[in-house]
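K.L.:
Given the sequences, and given the hints that come with them, work out the whole structure.
There are 10 protein chains.
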Amino acid sequence: MSLATLDVSQHPNLRTASTTLFEAKAKKQVTFEAIAKEIGRDEVAVAALFYGQAKASPDDIKNLAKYFDIDHGTLESQMSGFPDRGKSIEMPPREPLIYRLYEIVQNYGYAYKAVLNEKFGDGIMSAISFSTHVEKEVDKDGNTWVNIKLRGKWLPYTRF
Amino acid sequence: MSLATLDVSQHPNLRTASTTLFEAKAKKQVTFEAIAKEIGRDEVAVAALFYGQAKASPDDIKNLAKYFDIDHGTLESQMSGFPDRGKSIEMPPREPLIYRLYEIVQNYGYAYKAVLNEKFGDGIMSAISFSTHVEKEVDKDGNTWVNIKLRGKWLPYTRF
Amino acid sequence: MSLATLDVSQHPNLRTASTTLFEAKAKKQVTFEAIAKEIGRDEVAVAALFYGQAKASPDDIKNLAKYFDIDHGTLESQMSGFPDRGKSIEMPPREPLIYRLYEIVQNYGYAYKAVLNEKFGDGIMSAISFSTHVEKEVDKDGNTWVNIKLRGKWLPYTRF
Amino acid sequence: MSLATLDVSQHPNLRTASTTLFEAKAKKQVTFEAIAKEIGRDEVAVAALFYGQAKASPDDIKNLAKYFDIDHGTLESQMSGFPDRGKSIEMPPREPLIYRLYEIVQNYGYAYKAVLNEKFGDGIMSAISFSTHVEKEVDKDGNTWVNIKLRGKWLPYTRF
Amino acid sequence: MSLATLDVSQHPNLRTASTTLFEAKAKKQVTFEAIAKEIGRDEVAVAALFYGQAKASPDDIKNLAKYFDIDHGTLESQMSGFPDRGKSIEMPPREPLIYRLYEIVQNYGYAYKAVLNEKFGDGIMSAISFSTHVEKEVDKDGNTWVNIKLRGKWLPYTRF
Amino acid sequence: MSLATLDVSQHPNLRTASTTLFEAKAKKQVTFEAIAKEIGRDEVAVAALFYGQAKASPDDIKNLAKYFDIDHGTLESQMSGFPDRGKSIEMPPREPLIYRLYEIVQNYGYAYKAVLNEKFGDGIMSAISFSTHVEKEVDKDGNTWVNIKLRGKWLPYTRF
Amino acid sequence: MSLATLDVSQHPNLRTASTTLFEAKAKKQVTFEAIAKEIGRDEVAVAALFYGQAKASPDDIKNLAKYFDIDHGTLESQMSGFPDRGKSIEMPPREPLIYRLYEIVQNYGYAYKAVLNEKFGDGIMSAISFSTHVEKEVDKDGNTWVNIKLRGKWLPYTRF
Amino acid sequence: MSLATLDVSQHPNLRTASTTLFEAKAKKQVTFEAIAKEIGRDEVAVAALFYGQAKASPDDIKNLAKYFDIDHGTLESQMSGFPDRGKSIEMPPREPLIYRLYEIVQNYGYAYKAVLNEKFGDGIMSAISFSTHVEKEVDKDGNTWVNIKLRGKWLPYTRF
Amino acid sequence: MSLATLDVSQHPNLRTASTTLFEAKAKKQVTFEAIAKEIGRDEVAVAALFYGQAKASPDDIKNLAKYFDIDHGTLESQMSGFPDRGKSIEMPPREPLIYRLYEIVQNYGYAYKAVLNEKFGDGIMSAISFSTHVEKEVDKDGNTWVNIKLRGKWLPYTRF
Amino acid sequence: MSLATLDVSQHPNLRTASTTLFEAKAKKQVTFEAIAKEIGRDEVAVAALFYGQAKASPDDIKNLAKYFDIDHGTLESQMSGFPDRGKSIEMPPREPLIYRLYEIVQNYGYAYKAVLNEKFGDGIMSAISFSTHVEKEVDKDGNTWVNIKLRGKWLPYTRF
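Chains as they are written, first to last, in our numbering: chain A, 1 to 160; chain B, 1001 to 1160; chain C, 2001 to 2160; chain D, 3001 to 3160; chain E, 4001 to 4160; chain F, 5001 to 5160; chain G, 6001 to 6160; chain H, 7001 to 7160; chain I, 8001 to 8160; chain J, 9001 to 9160.
By construction, these hints were calculated from the structure, which means they are not laboratory data. There's no promise every hint is true.
Stated by the list, open to error - Result set (DSBU-like, lysine-lysine): computed pairs, CA atoms no more than 30 Å apart in a straight line:
1. G:K6149 / H:K7140
2. A:K66 / A:K28
3. A:K153 / C:K2119
4. F:K5066 / E:K4119
Predicted model only: the values in this text are computed from it and were never measured.
P.N.:
Here you go:
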């Protein structure tokens, strides 16, 4: 089994905590799924934490420090600030896996808008009051499928 | 209830079929959900058809022509070619609803990659061998949520 | 007194309703402030309606049709769809007045983020559950000032 | 309570003073609100000072040096020059909180222009002869709102 | 002597008034200098009016209508709105004459900033409370020189 | 009085001489005006020298080395090459002071072209055979104005 | 032999004269070389005239009108203005022939600069006081070569 | 006489050999013309070698090592790979000298294409099977001119 | 079976011949493979002809005119000029099928370069002296594969 | 014979393994062809491994470590993660060899799409379930040709 790792020279603009966490993960040889179980969060959220795209609660920091045997004070100083999101990537994404997600937005963007507007009215699906989850499916023919669920609060435009 | 419509001056690069279909839809005053039931496809797929982002089968064209009372030959000549995808939008998207989807890719792109790589190996989730579905949820507190499901075949990189 | 007008050759991607409404406004020679009083909405919201950046309620359409003596059916067919926002402008804005607002975001963006994060936690100010209002102020020295108020719901990131 | 911090690897183009100040702030564990009270400026202005987007007066430097126990000469040499604004951010902003402000300009830009032109004539709202203030509001239903006030001098175009 | 003209196919996003005015100018065969004398404005300002980059006063419109024998009502409806500046050009400019001005900003931008900051403090030279004038100079060796004068109000940053 | 300084982390692509010179200037606490008088050049030209946008003559290098007490050989090796212009800035400029100059080109570019073409024929104002000068003006009402003079040789297009 | 033609749908931003001239050329079936001989200019200059990148003298217009049997008044009104250069192309060029020229600048740009600086000092080769000529060469092995000559006045930077 | 030099902080993406060679050149105080004579290549080609835009033959490396008294093994390891062209510049070029060459392509690109197509048929002038040469000319009036010759093989499109 | 068609509103910058040819193809209901057999060229070359990316020989024009029963003179006037390549697409491509080819260049670009340099020396594979061919393959498991062959002349860099 | 090498200053965003591998290759003086034979993969795949664009299997890592005499643990920690593809290049490519491939996509993109759609239906050629191979050909006239084969699985769009 291979693990997701971070090569800092490829991501020079991530916060220091990313280096600390990915190094600890590589040393302990654990998956995001395992970490997620340990700290009680979704694995996508955990990966987002590692890339500096999500906020860690004080308990998250404690749990991560303990699990990875990192000095708590160090991790706290590196992770207690607010995420400066969007630093992990340049758009359009060049990574093929991420590009496919981008392409879904490019191809189906207006179709989603039309359907959501008709179902919910004038507004948006929040990307903040939002969660996501990934699941693996093997169909009866042995083919493997990815299922990604996006769940966001519907926010209607305020009338003023 | 409001319906999704098309103002051609806002989308000068869509194919002629988009105008034909959206005008028919506005005249008949039907939702994508209703059309989807009629022709047996998902409503997002139907909206994608209207925006020229999906291919219509010969039956789709017959069904749409009949349902909207459009001359079959006209619709066939406008829809029987292959979609030239990506003409409905410029990236980054300026429409707030579509931007939120783009932002999900921007923020969680590397998190998805890390989790998918660990779960499935080196590869991508196909955006072609792919389907999507939208559902409305009202939680016990009366809040409305959007659920978007993305399901794509996992494609491992060929070793050569 | 001069009135804001629309020259379609300068905005070829606005929806047809924008032409209809701006022509009616020019003919009737009324300000957005006057229209706003008539239909009971904020004048910025009314201008946004004219530029296709806000949704008109059925009553708005009735009121506008009556006030401007436009055929109701025509206006309804042009305005009852959902706004396709972002078509009025290309970023960065070239208009100096709008550029100054853009510059405020460019210069104070991170300062706002830092202060809002400390005051509200990890989240964003919604631009959807949002209203805005403009006021004129003349100070005691006779200088004229613009006051723009932005009011948006605070949305905390969901923990997942 | 969490504090806004700076991770230099995420902002390699900020001036040295930013590092000095954010480190001192993290060490002293104080909010921008607290610093603002101490040195008699608005908290947004203080955050702007930290990000190198505003000029410090000699008194500001003295007060900051004393409050944070930084060597006055060091801070003076780092802060006495003129701000080189715009180095903290790349546009369009990728941070969701800042993007929402950008989106307000994108969506309401022409609406603001139309309303301001009608109210004030041909000119702009200055972003230089300008101040801003942020306030927290909790409404009767317990919802939290952000109020941002922008106040800029109206500058009419010179006739020549 | 050649006159500056407008070919609309090269500038499809100028307002209608530009076509009206340039056609009238071509018909009457007059220079901007001559028009400027007639209506009492600087010739650069007059050219800016023609390109839709400056606001015409009611008197300007009357004078232009009379001078060019254009129907006053037509010209008024085309020119009485507020200029939507920035539509005449795409940046970086491709026209060599305009590019040279752009290059001056690119090459000397920071030099101007450094000198102006030292002479005036922290602020900007206004481009709104601003006028400009062009003069021709032939030196003693018979060489021809362009002199462009830029005069803008100094706006200091507000302390808040 | 404040002095213009250079923070290298904000300008990583300037030549080494810029660091040497700005450090010496900060140490000696002198303005560009003072340096200009000392070495007999315009203060904008001196600032351009500091930012690597102008060529220093052997005498300039000698004078600067002497005035700032820098080792002549060091300064000569850093400054005797040919300037690699355009490294100090990214366009469009994000600094508000420089942006205003850029905006003048954006807004008045075609007006300048039209007027210059009519006055001089088909050609350009050189930005190479060019000088510029800045002056401060206080009008009778006590308002402060910036005057920037641009003087460039007129170059007619060669007929071939 | 094939002739260079213009398909207006591929160049919607060229001036009207381009259509007039290319249509006349197609009708008369003549090369640029032939036209050049007729009106006494270089063939590249003639092609530039056709694309609106060069100014026609009154004699050029007379000669072209006569040669192509176009109404002189029509051609004069279309061609007597000043060229608005740069409208024929978007950079980087997508046409392979033009891209190769662009690539020469990209690859050898700094080499030219270094060599020219050492040979001529600090300055530029003018692209205005400039002519160019194309020649065909067949070497002894029967290979065909293109020779392009660029000749521009050297402009030294003014010392100020 | 001044020499072309390299300031690495201005060109962080050049290969290591560029630093080695430019330092040696600065130490030995020689022009590209002198080096060219020494190693039997054109001076533009030599400058291209220094900027990493051309391949050195084994003899070139030997000759350069000897001429500049650089360790042969070091130079060989730095120069024996294949050039990764295009790293010396970002387009559009900001250096005025190089911009003028870019402008020639922008202005005369389609004119060259039209003339070359008529003279040679459907194809391109190669930028690979290509050489270039620079010459200085002083005309009878004492004016200095740059002559740049471009010579490239004509490649017709293959018919398939 | 479906045929590739052209919707002009999606490709406004193609030459007129594209419309003529695609309309004729739709009317006659033939594939590119069939046309290729008829006129003796590769089907990719034929499709390129239809999109204006390849030059038609006089015989091609005759054959196409006859096969599609188009007036020869009309087709000749539309097709006898030289292709203005690159007008069919904007890069990066938004069409998923074309994007995959672009991604191959993005992902394997440097790998191809390294391998080709080692096999052939310093040079390029020509895209002009070039042909390409597409084949369908069904493997023993019934999977369908696309085979694209690219064949280009190797061009070594000229030493000068 | 020359070998492909890596100069890290030209590719600062490649992963650490790239440096390790290219240094080992330079030391051992072997081609990609030789390495490919040794580890049983295609030479393009090997070069892609070196540039971090392909995943190494555990056996690949063992083989490479042994062949190049690199510490296995070091290489494993640098190579066992998942490739973060797209970091080796910026698009459009500036390297002429790679640009030619990009140009093939630009010029023939829609031709490939049209032909593939007609041959295979609505879908794409996978760039993931994909392999490629390069071959050298010398024709009977002694000319050298590059043959690149692209083989990708055909993926039809899912109907939903």
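K.L.:
Work down the list of hints and note, for each, if the structure agrees.
P.N.:
We went through each hint and held it up to the structure:
no.	hint	result
1	G:K6149 / H:K7140	holds (20 Å)
2	A:K66 / A:K28	holds (12 Å)
3	A:K153 / C:K2119	holds (23 Å)
4	F:K5066 / E:K4119	holds (25 Å)
Consistency with the previously given hints is maintained throughout, with no hint failing.
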